[in-house]
Amino acid sequence: MLYFNSFLFCGFICLIAQLILDNSKLTPGHITSLFVVIGAFLDTFSIYDFIIKKVGGGALVPITSFGHSLIHGALAKTNSMGFIGIFMGMFDLTATGITAAIIFSFVFALIFKPRN
Amino acid sequence: MKNIKYERIANNHKSEESRVKNAVIAFLSGGVLGFFAEWLLNFYCNIFDLSRTDASTLMIVTFIFLASLATALGFFDKLVNRFKCGLLIPITGFAHSMTSSAMDYKKEGLIYGIGMNIFKLAGCVILYGVVSAWFFGMIRYFIGGAS
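Residue numbers (this note's numbering), protein chains in the order written: chain E, 1 to 116; chain R, 1 to 147.
It is worth saying that the hints were derived from the structure and are not from the lab. Fair warning: this is a prediction, and the values are worked out from it, not measured in the lab. There could be a bad hint or two in this list.
Cβ-Cβ distance ranges computed for the label pairs, FRET-style [said to hold, decoys possible]:
hint, chain 1, residue 1, chain 2, residue 2, range
1, R, 6, E, 23, 51 to 61 Å
2, R, 112, E, 107, 14 to 24 Å
3, R, 20, E, 110, 40 to 50 Å
4, E, 50, R, 127, 19 to 29 Å
5, R, 24, E, 80, 42 to 52 Å
6, R, 51, E, 25, 37 to 47 Å
7, R, 111, E, 4, 19 to 29 Å
8, E, 24, R, 53, 30 to 40 Å
Just so it is clear, CB atoms sit at the ideal spot from N, CA and C, and this is done for glycine as well.
Take these sequences, add in the hints, and give me the full structure.
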């Protein structure tokens, strides 16, 4: 069931993005930024947590999950640190993704020659 | 006059059809990617005996690695042309934007080229992600209390 939900949810997010891209003048940069904000908004009242519980891996792959991870780490840190925890825990969960993206893209850019 | 009208109608019809096709392609390719993500998550859970949270981290790293490698080898753009938003909205698009901007500016040197331009496109995602997460986090903290 989780597989089917993953397929539907991830496909649905991409479908919305494609519809916005085709029917307006927004670029992919606009859309990814918009989706990150939507992901953060959905997690404000733990809606995205519920979605992840129902959908599984398919909800962790779209860029909305990035916004969710940011605010989720920040709120988790406020339990122990209070208000300043929002600043401390912001990158707790997304650190792996950002680090991996930086390392891989830097190493590959050094190794490979750019085409065209 | 007649020609202009004809062209407008023809254009409308043409773009309408390809829009529907694009949307279906994006839905299917994004869905397959989501399916693959769930499969990989379960695979890592079983093989390395990890918790679901740790396995999801590993899964995302795998996707980033694959997308960066595909960009570096030069065929990610062709895949995007074929599969549309299905590859740009998942985390693969984030990795692709970083690798491609790093490679585009490689010839300008390590500092002025790669260093200053690597976050050119990914920067907006991080910026607006952090700003909105901070803003909504404040709202949640003061209204609802921490989770």
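Query raised in the report: Does the structure break any of the earlier hints, and which numbers would those be?
Result: Violated: hints 1 and 7.
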